[in-house]
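Colleague: Residue numbers (our numbering), protein chains in the order written: chain H, 511 to 740; chain B, 511 to 740; chain S, 14 to 223; chain W, 14 to 223.
Source of the hints: derived by calculation from the structure; they are not laboratory data.
All values reported here derive from a predicted model rather than from experimental measurement.
C-beta atoms are modelled at their ideal positions from N, C-alpha and C, and glycine is treated no differently.
Hints should not be assumed to be uniformly reliable.
To be verified - Once the Cα atoms are required to be at most 27 Å apart in a straight line, the calculated DSS-like pairs of lysine-lysine come out as: (1) K127/W x K161/W; (2) K695/B x K651/H; (3) K643/B x K643/H; (4) K127/W x K643/H; (5) K37/S x K161/S; (6) K651/B x K695/B; (7) K651/B x K695/H; (8) K651/B x K651/H; (9) K643/H x K695/B; (10) K127/S x K643/B; (11) K643/B x K651/H.
What the hints assert, rightly or not - Computed spacing ranges between beta-carbons, pair by pair: (12) D714/H x A162/S: 49 to 55 Å; (13) R652/H x G156/S: 52 to 58 Å; (14) R584/H x A602/B: 56 to 62 Å; (15) I648/H x R557/B: 26 to 32 Å; (16) K127/W x E638/B: 53 to 59 Å; (17) L731/H x E207/W: 55 to 61 Å; (18) L704/H x K643/B: 41 to 47 Å; (19) G650/B x G580/H: 32 to 38 Å; (20) I648/H x S201/W: 47 to 53 Å.
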Amino acid sequence: MRLPDKTTTLEEAVSGIADGAVVMVGGFGVPGTPFTLIQELVRQGQRGLTLIKNDANEAGMGVDHLLAAGQVDRLITTHIGLNAHAIAMMNAGEIEVEFCAQGILAERIRAGGAGLAAILTDIAADTELAAHKQRIEIDGKRFVVETALRADVALIHANSADPFGNLDYVATARNFNPLMAMAAKRVIVEAERLQPFGGLAADDVHTPGPFIDCVVELGDLSKEYAVVRR
Amino acid sequence: MRLPDKTTTLEEAVSGIADGAVVMVGGFGVPGTPFTLIQELVRQGQRGLTLIKNDANEAGMGVDHLLAAGQVDRLITTHIGLNAHAIAMMNAGEIEVEFCAQGILAERIRAGGAGLAAILTDIAADTELAAHKQRIEIDGKRFVVETALRADVALIHANSADPFGNLDYVATARNFNPLMAMAAKRVIVEAERLQPFGGLAADDVHTPGPFIDCVVELGDLSKEYAVVRR
Amino acid sequence: MVARAAAEIAPGMVVNLGIGLPTKVVNYLDADFPVCLHTENGLSGIGPTLPVERADRNLIDAGGAYVSTVPGSAFFDSAVSFALVRSGRLDLTMLGAFEVSQSGDLANWKIPGKFSPGAGGGIELAQKARRVVVLTTHTDRAGNPKLKADCTLPVTARGCVSRIFTDLAVIDVTPEGFALRERAEGVSAAEIIEATGAPLALPAGDTPTF
Amino acid sequence: MVARAAAEIAPGMVVNLGIGLPTKVVNYLDADFPVCLHTENGLSGIGPTLPVERADRNLIDAGGAYVSTVPGSAFFDSAVSFALVRSGRLDLTMLGAFEVSQSGDLANWKIPGKFSPGAGGGIELAQKARRVVVLTTHTDRAGNPKLKADCTLPVTARGCVSRIFTDLAVIDVTPEGFALRERAEGVSAAEIIEATGAPLALPAGDTPTF
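Construct all of the structure, not just a fragment, from the sequences and the given hints.
Modeller: Here it is, written out as structure tokens:
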């Protein structure tokens with residue numbers, strides 16, 4: 511026995527995304543955002559997308575390119591305060607935005623990845639975020655039903671990957687990536703370094719290979735990955 | 511700023527457990543079972559315990575010592591087939607046993623650790639395991655409500671720990687340990703090696719220190735930790 | 014039959030082999046065959062089973078056997094391990110059985126009054142693997158059929174079994190019930206029908222043997 | 014006021030400092046003080062903020078500032094990060110505010126029609142930290158009180174705030190409403206009452222100053 515090889519090209523990996531797809535995108539700010547996969551999705555031009563991402567990056571960066579190109583109908587997110595362009599599109603009705611409490615977005619994605627139907631929580635129960643959500647009573651207390659999120663495709667940024675798709679992440683670039691890597695039908699990884707089989711210690715793998723479908727090795731990193739000078 | 515030091519003695523750590531406590535115990539078979547913490551709990555003799563553990567170890571090993579000493583009223587578990595003594599006690603009504611599907615036990619513990627009230631799943635819906643559990647309908651499908659589990663105390667076995675309680679696990683000794691380490695009011699760790707602050711790389715920590723209350727360094731390992739010769 | 018079952022594994026699959034007969038399937042896989050074996054106690058990429066002299070005390074499979082790793086193995090916790098199963102990343106599981114019904118119900122975890130150790134991870138494997146096949150003797154020790162119209166024992170999961178490999182035959186569970194696909198060398202269709210506790214559809218032409 | 018707020022942190026705590034004023038509290042903690050700073054994007058054990066020249070592109074806090082680690086830091090994913098918050102492992106959070114009501118309701122995430130970027134992690138911090146204190150100017154830019162009988166803006170969480178540190182005073186939220194605990198040096202109780210939009214109980218004797 512040996513483990514299967516899932517390495518492929520950038521173009522091939524992203525070409526599996528259809529118009530109208532629900533796409534999860536890793537990252538919290540710059541760290542962990544798969545800028546190269548996003549740029550290829552802009553180049554290929556799939557439209558009518560629903561994006562699930564913690565934030566909307568900043569104007570002119572990352573998923574903002576998808577917004578600017580009119581490829582996105584809907585965004586499920588927690589905070590888009592650093593992207594004035596996204597806020598303007600939302601206010602103009604050019605994109606529909608669903609806000610979720612950050613940890614609950616994380617748990618809804620994780621629940622999707624864990625094959626659960628929903629989680630029950632009291633978070634945001636007093637706020638408009640949960641105003642229209644189903645509630646149920648357990649032992650006399652009422653909880654909000656937060657349904658699991660799954661996607662057609664997840665775009666993941668990893669520090670390193672082996673050909674089977676075992677991944678590790680670095681520092682705060684981990685964030686939503688391991689959760690989204692479990693929660694999509696097709697999971698595409700861009701990795702800064704491709705390791706040989708056995709190059710990642712089995713105890714140090716952050717996302718196990720069985721969750722991954724395509725591994726793309728990055729060449730030189732674009733400027734979007736760099737430290738932001740404000 | 512520096513991180514707090516949580517190292518303590520075996521006796522001191524376990525003395526915080528009260529009669530009647532709900533106690534989670536890590537491990538799946540031998541790997542990851544905190545044999546030394548269990549032995550100290552036998553020595554101190556707290557009674558009326560509810561144990562939450564994947565299995566009942568084998569007769570004469572691990573939590574079986576607690577069963578044999580009459581310290582356990584109730585066991586929430588997935589499979590006790592390797593411990594004929596535990597099965598006999600169950601059949602004789604000397605302990606009450608609640609069985610749960612293994613991955614659902616893991617998720618119920620994780621839900622407790624994540625501050626959720628419950629998860630919704632279709633697992634075991636057709637079986638007697640879920641026969642008396644609450645069900646709710648989402649989008650026309652019915653799901654079982656599996657409530658979160660939390661404990662008064664969790665007993666955790668780690669490979670190494672730093673004084674703040676950052677932990678790593680080795681191989682299949684990980685199993686339920688990282689989940690239980692999030693899900694108890696008081697989390698006690700036995701570690702094969704105590705590392706200095708900074709001795710675990712921040713990217714390789716399996717359980718972050720904020721979840722941990724007490725760290726006990728193990729000396730020489732008892733025979734219970736060794737390879738089982740059948 | 015174990016060799017025949019091994020041929021059920023396609024290249025690239027993620028596979029969980031249940032305790033007992035299914036575990037032996039691994040001996041029939043080529044060194045170069047691309048497959049990922051999963052065990053629910055937290056390992057993808059199981060390597061060969063090891064004798065106790067060479068065992069790692071921290072490295073077992075869900076049945077308690079001392080196993081090893083391969084280049085590219087990964088360890089994870091029990092929640093991640095079953096997330097993989099429930100979210101559809103397990104392509105195939107091979108399980109043992111006490112009973113299989115003609116509608117694919119599986120009973121393999123409890124015999125009331127005799128055997129009730131708990132279900133372990135079996136329910137999730139049976140309910141959520143993309144394909145569930147059973148490896149079992151065709152009859153129990155007393156000679157009673159294990160393939161039945163309905164399960165009499167508590168079920169593990171309903172309608173989950175696609176195919177059954179026994180010492181006598183390969184049998185599919187179809188919308189119309191059991192269908193014979195292959196006979197063991199030297200076993201007649203009549204003998205298989207006799208040992209099966211529910212109607213068995215025969216192929217139109219010759220039945221291949223294994 | 015920031016220095017005064019820093020004294021709220023007890024040895025051994027796990028603390029999350031919100032964006033804005035609260036972030037500055039870190040400058041008032043001794044090098045030898047035992048505390049663990051948490052940021053919701055996945056780090057326990059935040060070290061000093063770094064200038065861009067020395068920044069690591071992969072190491073930010075939830076506000077986007079480039080930070081560093083200390084010996085014993087740990088990185089984790091967003092689910093674990095909020096598990097820590099929701100399960101009661103966060104001893105204290107210090108947050109900014111648009112409004113705080115006399116029953117401890119907090120509004121700090123949305124101004125309808127003007128400011129609606131989403132709540133980020135603020136709701137969980139406000140709702141689940143063991144103790145929530147607010148750092149804010151006593152009045153808004155127009156001079157209107159931020160401490161009110163009721164919040165007029167959408168709330169972040171109800172009844173969550175224990176204590177408020179402002180440029181004028183330290184005020185507790187009690188079952189009977191706002192209670193003055195300390196005055197800023199040179200500020201009279203009358204001025205504080207004037208700037209507060211709900212009844213303010215005064216201490217029996219002298220009010221300490223900070």
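Colleague: Now tell me if each hint is right for this structure.
Modeller: Against the structure, the hints:
no.: 1; hint: K127/W x K161/W; in the structure: holds (20 Å)
no.: 2; hint: K695/B x K651/H; in the structure: holds (21 Å)
no.: 3; hint: K643/B x K643/H; in the structure: holds (23 Å)
no.: 4; hint: K127/W x K643/H; in the structure: holds (25 Å)
no.: 5; hint: K37/S x K161/S; in the structure: holds (25 Å)
no.: 6; hint: K651/B x K695/B; in the structure: violated (35 Å)
no.: 7; hint: K651/B x K695/H; in the structure: holds (21 Å)
no.: 8; hint: K651/B x K651/H; in the structure: holds (23 Å)
no.: 9; hint: K643/H x K695/B; in the structure: violated (30 Å)
no.: 10; hint: K127/S x K643/B; in the structure: holds (25 Å)
no.: 11; hint: K643/B x K651/H; in the structure: holds (16 Å)
no.: 12; hint: D714/H x A162/S: 49 to 55 Å; in the structure: holds (51 Å)
no.: 13; hint: R652/H x G156/S: 52 to 58 Å; in the structure: holds (56 Å)
no.: 14; hint: R584/H x A602/B: 56 to 62 Å; in the structure: holds (59 Å)
no.: 15; hint: I648/H x R557/B: 26 to 32 Å; in the structure: holds (30 Å)
no.: 16; hint: K127/W x E638/B: 53 to 59 Å; in the structure: holds (57 Å)
no.: 17; hint: L731/H x E207/W: 55 to 61 Å; in the structure: holds (56 Å)
no.: 18; hint: L704/H x K643/B: 41 to 47 Å; in the structure: holds (46 Å)
no.: 19; hint: G650/B x G580/H: 32 to 38 Å; in the structure: holds (34 Å)
no.: 20; hint: I648/H x S201/W: 47 to 53 Å; in the structure: holds (51 Å)
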